[in-house]
Amino acid sequence: MSDVPFRNPGWAGNTGEFDLSEADVRGTAYAGERPLDGGHPSTSASYPFMLVARNPGAPLFEGPYQERFEKIRGRYPTARAALLPALNLAQEVRGHVSPETMDEVAALLGLSSAYVRGVATFYTMYNKRPVGRFLIQVCTNISCNLCGADEVLAAFLKHTDTELGDTSADGNFTVVEAECLAACGFPTCVQINERYFEDVAAGDVPDILRRLTDELKGD
Amino acid sequence: MAYPYRHDKEVRVLSEGFGDPAARTVEGWKRYGGYQGIARALEIGRDATIDEVKNSGLRGRGGAGFPTGLKWSFMPKDSGRPHYMLCNADESEPGTFKDREIIRWTPHQLIEGCLVGSYAIGASHCYIYLRGEFFETTNVLARALEEAYEKGLVGRDIMGSGVDIDMTLHVGAGAYICGEETGLMNSLEGRRGEPRIKPPFPAAVGAFGMPSTINNVETLAATPHIVRHGAEWYRQWGTEKSPGTKLFCVSGHVNRPGNYELPLGFPMMELIEDVCGGMRDGKALKAVIPGGSSVPIMSADDCRSCTLCYEGVEAAGSLLGCASVIVMDENTDIVKQVRRMAYFYAHESCGQCTPCREGTAWATRILRRIEDGLGTEDDLDTLIEISEQMTGTTICVLSDSLAMPIISSIEKFREDYLALIRRGERVGAA
Chain Z
0 MSDVPFRNPG WAGNTGEFDL SEADVRGTAY AGERPLDGGH PSTSASYPFM LVARNPGAPL
60 FEGPYQERFE KIRGRYPTAR AALLPALNLA QEVRGHVSPE TMDEVAALLG LSSAYVRGVA
120 TFYTMYNKRP VGRFLIQVCT NISCNLCGAD EVLAAFLKHT DTELGDTSAD GNFTVVEAEC
180 LAACGFPTCV QINERYFEDV AAGDVPDILR RLTDELKGD
Chain H
0 MAYPYRHDKE VRVLSEGFGD PAARTVEGWK RYGGYQGIAR ALEIGRDATI DEVKNSGLRG
60 RGGAGFPTGL KWSFMPKDSG RPHYMLCNAD ESEPGTFKDR EIIRWTPHQL IEGCLVGSYA
120 IGASHCYIYL RGEFFETTNV LARALEEAYE KGLVGRDIMG SGVDIDMTLH VGAGAYICGE
180 ETGLMNSLEG RRGEPRIKPP FPAAVGAFGM PSTINNVETL AATPHIVRHG AEWYRQWGTE
240 KSPGTKLFCV SGHVNRPGNY ELPLGFPMME LIEDVCGGMR DGKALKAVIP GGSSVPIMSA
300 DDCRSCTLCY EGVEAAGSLL GCASVIVMDE NTDIVKQVRR MAYFYAHESC GQCTPCREGT
360 AWATRILRRI EDGLGTEDDL DTLIEISEQM TGTTICVLSD SLAMPIISSI EKFREDYLAL
420 IRRGERVGAA
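First to last, the sequence lines map onto chains Z and H.
Residue 167 in numbering that gives the first Met the number 0 sits at position 168 of the first sequence; the count goes up by one each step and never skips.
Residue 291 in numbering that gives the first Met the number 0 sits at position 292 of the second sequence; the count goes up by one each step and never skips.
Rather than coming from a laboratory, the hints here were simulated on the basis of the structure.
Glycine included, C-beta positions come from ideal geometry on N, C-alpha and C.
Don't take every hint at face value.
Claimed, not checked - Chain Z stretches covered by chain H per the calculated footprint, using a threshold of three residues with CB under 8 Å from any CB of chain H: (1) 53–66; (2) 157–169; (3) 197–204; (4) 208–215.
Unchecked claim - If you want the ones that stay clear, here's a sample from chain H, every Cβ over 10 Å from chain Z, calculated: (5) D50; (6) F96; (7) D98; (8) A174; (9) R195; (10) S298; (11) D399.
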């Protein structure tokens, strides 16, 4: 793991001595595996919804997902308010939110299809078309840009052999430009599915891609 | 447990638990004095809690700097309707990365802050609106909230006081404008995140049409400390008009970028040269954006005598905003960076108001043209004209946020623009 850039202690930059592991910084050891049914209702809307394994043809909200959907519904005074979490949930199951998916969500919440499309297209995190197993979002906003984000983005495009917004031939990687990811002290910040990689330089890109490919093999 | 990096000029109120994974648990957080603030609030009652925060002079940390206690006091008493507390954790202002640190290292600090705020305004439900990109951060907060529910700190009859406060995490889906308070409310209600016209103000008609108060993560996180130790204790730091400590997010061309908690009124040059270890590679300072991308750019000269408090930065011709200090060295291409900001605002404009929708898009195109060497000197006048029409003419301040960096950069770095224009003319002539 040491060859993969996770130098950022998540605190005051990549200097000084620190003895925190990646799990310490990410908080994964504390947060643990979150259950599919969402756990406690108060947090049921907060599951990571960019999984590697996903199925565009999966039925919407069955089994534990149905439970989670019910929990989410119970947290708001109106059905409409559950729309964003419900779309998040749909994307977690299917990987992207197609017009058909939007219609299904609309029916579940008693909203019109047109309304749901209007809302879904407002937000950038709903993938309106399928993306690769790993969605690589490179921040190129000002703080990262000052520290070479353009080169990092170019390196990702070169090493995955794709154009901006397209998916690589093996279906593994989609590279997009992102707006500020709120990790400006640790440029360049790259979000890959639900993980942040910070302090990424163009030279680190092959290592990161290798790590991701290895993770796929491990599954 | 060695901290990654510590500076002895820092004052650790909010950031005390940063870097300590144990501070994420209820037990660990109690070792830092956690949940004593809400205990004291429950003891002294609602009005006294609001007074304590009012007397502390705490100002909103989300950018506008509105006095928090005053905001809370706007909430109606005994309206007979549900009240909502909203926590704005949709941190997306370029240059800002403080809320994420607060949540992922000390999630209970935020939960306790939300409890104090909810109790003070009489809200029985608090929604924490997190930006969608914060998966890891959200997971930490989710675990912490579950733990707080398990231990009876949140939910029905909190800490045996008879007060019910529910809390729900609501995850957004990637829209900068949802960080605007009424945009956030629309987004929470399942609508497009378009800001609403004010009045009515949220204290009268907010989320779900009910009286609501919305506060930034850092603001809420500071309130338990204030209630626990008292307003006078908090006023030992900072200035008369800007009391307390603030997390400064420093990014850009410095040796040690990061979050530093300093008393307000701290000199800017000391922050850059001492706390952040000086400019990277010993380069000279060219410009600073002191409060996230939405404020006027400052030249190196403006920075010399500037102190980092609301009134100090204003005197230097800019705004403290959320104290996100973006530092640029002598090699920085200002036009490129302003163009990148303009692109951001054009992308994030919700499109409701014409001056913003058209203005941000056209400003981006003109800036791109200048950057490519195809601009003329008239373009600078056009940019200023567009920017002036974008100021104060829209529902929210997103378009003002772009107008300020454009106008200030042309004023202060006109030579940079002219150099690109002249270079283009020479190429054209050849």
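Hint-by-hint comparison with the structure:
Look at the segment 53–66 of chain Z against chain H: 0 of its residues bring a Cβ nearer than 8 Å to a Cβ of that chain, fewer than three, so the hint is violated. A count of 0 residues in the segment 157–169 of chain Z with a Cβ less than 8 Å from any Cβ of chain H is obtained; the coverage claim is therefore unmet, three being the minimum. Remark: the segment 197–204 of chain Z is not confirmed as covered by chain H, as 0 of its residues place a Cβ nearer than 8 Å to a Cβ of that chain, below the required three. Figure legend: the segment 208–215 of chain Z, annotated as covered by chain H; annotation inconsistent (0 residues with Cβ-Cβ distances under 8 Å, at least 3 required).
No beta-carbon of chain Z is positioned within 10 Å of the beta-carbon of D50 (chain H); the least distance is around 30 Å. With 10 Å as the threshold on Cβ separation, the claim that F96 (chain H) sits away from chain Z is violated: the shortest Cβ distance comes to roughly 5 Å. Chain Z draws D98 (chain H) into its interface by the beta-carbon criterion, the shortest separation being 7 Å against a cut-off of 10 Å. Non-interface status of A174 (chain H) relative to chain Z is broken: a Cβ of that chain comes within 10 Å, the nearest being about 5 Å off.
For R195 (chain H), the condition that its CB be more than 10 Å from all CB atoms of chain Z holds, with the nearest at approximately 15 Å. Against chain Z, the non-interface label of S298 (chain H) holds: every CB pair exceeds 10 Å, the least being about 16 Å. The Cβ of D399 (chain H) sits about 18 Å from the closest Cβ of chain Z, beyond the 10 Å cut-off, so the non-interface label holds.
The earlier numbered hints that this structure contradicts are 1, 2, 3, 4, 6, 7, 8.
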